[in-house]
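Throw the hints in and build the complete structure from the sequences for me.
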Amino acid sequence: MEKTINNIHTEELKPPVTSVGVIGWIKGNLFNGWLNSVITIVTLYFLWKIVPPFIRWAFIDSLWVSTGAQCHEAGGACWSIIPANIRFILFGFFPYESQWRPLVAMILLVGLLFYSQNRNHWKKPLAYAWIIGLFIMGLLMKGGLFGLAPVESSQWGGLPLTLLLSVFGLTAAYPLGVVLALGRQSRLPAIKTVCIVYIELIRGVPLITLLFMSSVVFPLFLPEGVTINVILRAQVAIIMFTAAYIAEVVRGGLQGMNKGQYEAAESIGLNYYQTMRLIILPQALKIVIPPTVSILISAFKDTSLVVIIALYDLLKTTQSVLSNPEWMGFSIEAYIFIAILYFLGCFSMSNYSRKLERELAT
Amino acid sequence: MQEISTGTTADNLPEKVPFFHDPAKRSILFQLCVMLILVLLGYYLIANTIANLEKQAIATGLGFLEKESSFEIGESLISYSAADTYARALIVGVLNTLIVSFIGIVLTIILGTFIGVARLSSNWLLSRLAAIYIEVFQNIPVLLQLFFWYAFFYELLPSPRQAMSPVTGIFLSNRGMVFAVPQSHPAYKYMAVAFLSGCVLAYLLRRWARKRHEATGKPFPVFRVCLGILIGLPVITWYLTGAPTAMDVPVLVGFNFKGGVNISPEFTALLLGLVFYTAAFVAEVVRAGIQSVSHGQTEAAMSMGLKSGQILNLVILPQALRVIVPPLTSQMLNLTKNSSLAVAIGYPDFVSVAGTAINQTGQAIEGIAMMMVVYLFFSLSTSAFMNWYNKKVALVER
Chain A
1 MEKTINNIHT EELKPPVTSV GVIGWIKGNL FNGWLNSVIT IVTLYFLWKI VPPFIRWAFI
61 DSLWVSTGAQ CHEAGGACWS IIPANIRFIL FGFFPYESQW RPLVAMILLV GLLFYSQNRN
121 HWKKPLAYAW IIGLFIMGLL MKGGLFGLAP VESSQWGGLP LTLLLSVFGL TAAYPLGVVL
181 ALGRQSRLPA IKTVCIVYIE LIRGVPLITL LFMSSVVFPL FLPEGVTINV ILRAQVAIIM
241 FTAAYIAEVV RGGLQGMNKG QYEAAESIGL NYYQTMRLII LPQALKIVIP PTVSILISAF
301 KDTSLVVIIA LYDLLKTTQS VLSNPEWMGF SIEAYIFIAI LYFLGCFSMS NYSRKLEREL
361 AT
Chain B
363 MQEISTGTTA DNLPEKVPFF HDPAKRSILF QLCVMLILVL LGYYLIANTI ANLEKQAIAT
423 GLGFLEKESS FEIGESLISY SAADTYARAL IVGVLNTLIV SFIGIVLTII LGTFIGVARL
483 SSNWLLSRLA AIYIEVFQNI PVLLQLFFWY AFFYELLPSP RQAMSPVTGI FLSNRGMVFA
543 VPQSHPAYKY MAVAFLSGCV LAYLLRRWAR KRHEATGKPF PVFRVCLGIL IGLPVITWYL
603 TGAPTAMDVP VLVGFNFKGG VNISPEFTAL LLGLVFYTAA FVAEVVRAGI QSVSHGQTEA
663 AMSMGLKSGQ ILNLVILPQA LRVIVPPLTS QMLNLTKNSS LAVAIGYPDF VSVAGTAINQ
723 TGQAIEGIAM MMVVYLFFSL STSAFMNWYN KKVALVER
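As they're listed, the protein sequences go chains A and B. Using this note's numbering, the letters of the first sequence map in sequence onto residues 1 to 362. Using this note's numbering, the letters of the second sequence map in sequence onto residues 363 to 760.
Just so you know, these hints were derived from the structure itself, not from any lab. Glycine included, C-beta positions come from ideal geometry on N, C-alpha and C.
For the chain A half of the interface with chain B, some residues (derived, Cβ under 8 Å), not all of them:
(1) Asn29
(2) Thr40
(3) Gly204
(4) Thr209
(5) Phe212
(6) Lys301
(7) Ser331
In structure tokens form, the structure reads like this:
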């Protein structure tokens, strides 16, 4: 008897309309308590002040395909600067009729990167694919074989240069950083000192001083008549800089290892090289994936600093478009476009690291 | 018996171990090789450099510091003209780096803490916005952000004649930001003195209150009294010295403003770029620090009957700060190092001044060495401070 009464009551009592559905969500997440209500209202007010004018500027009053003169008359954003100059922004001074070559090289690179994302593909054929891919990319950029017109590396620019500096910078800096970290943990005092001095010295100075050094001082170090390409010098500076930061991150991982792991490895008779390769590094490198990726992301962003030593990377080509009188005054639009490109690169890297972390979790 | 004897004979056997199988000797040999390679490399580079410098007739040494610099610097904290020495020009550069870093650090900590707390807010809208801010500003190169703000100042803001004035006394134009300041008056000096003595007084009071609290258990409203002292003393001094209210308001004369304080667009762009970029990282640091203190701590403190202010002060902050401060310092150091990007937008920081000096004298090695030494000094002194702090707040484990 009692049971039925209870049942009837529970059926009749529906949750109040203010605590479920859209209204309930709004109440629970935006207006719980007077402080949150005030915050929500103030935030909404600011959004109302900022977002509609921005949308008006960026989408309604904007021009997408026009000449610079038409843009100067219109009031809104001038996105036309991008399509009108896209080939120069992306490829710099690469000979106009051969610009399909860096395009193909970039597609190849992105394709390889995309294919390598999946850990099931991490096998020997992938390594061969990378070697062949890099060779083809180099050939496409440099030319000189198979009827491709040779292109001096001083004409390389734009997005290919940015990608070149970052991809090679990151792949070369990583092993160097691991070696430096091992050196810093070494029992040999001379090796340890050299590594500590190197790491602390590099980490203590801004990248820009290293880039200056590579562009101004380094030529003085070489014997007369020997010159090294300016792109390669900047590349070396980026590698040296990033390696020091990776070394510190990896050192964190090495220090986080349990001492028992070393002892166990020693007790089954592994030597130093085997201990590191088979026992310590696989575990240590795994626990430092998140900080390593944030180092790699900042290295990718830092390649933009080569602007200062006048290499025509993505940012510099954009700036030279902006110094053209026809397109002068539309910096904001152009910089937003470049920012989106960088954002996509960094954001996909950090997403991938999260995914990798989940997959490798033990 | 037999086993023991064979053991001893094996040990006594004068079997020669080749030196490359003896770890001790091998390590010495290995280190010697590395050192030898480094020394040879260094010798080779130095010999080349000396030969090159002689051939190009570039002077060496720091003698150029005494010479007349003969270039102007846009803004400087100390008096400087083209007739001054290179040494003074470089000091101007260091001071410019320091001032932009200092103001940047203060603003970054405020903005970063705010966004970090907002990220954890129970308000969905605010926490989403904070998340978007963090993702966007972290993932765009700081140099691009500097260019963006610089372009913003030059292209979107009107000329001084049509300057925007969001608040009375502040004018925004493509010549920078101009704002009104109180006209100089001796009262302000006395107020500064009063404020400093207030700081000392507050410090002593806090020490006394803590001692008394430990000895007798009687609490003392330190915070409120200190706040009263810090604000009250200068205000009383201001009143006693005649309560000056005259303001130095900027006035448009010809094509630019006169009077007030003018902050150049270069400085503002650099400051905005550095602050917005670094604040995104600081926000993540603050968020991680707050999240590192488990909720149980708050509940335990509540169950002991602490008030919410006390919980924050005595339980949460001491634990969160231990997590926050080390990465925070490294972000501050990053901001200082990133301020060297000023050279790209024409703010005369140390790197930019030293770069000009290199161009004029050709003494690149000395110039870049000086840049490195200055930044190394910043980072080494910061890490010395960090080590001291870490020791101070380290958990005392039994």
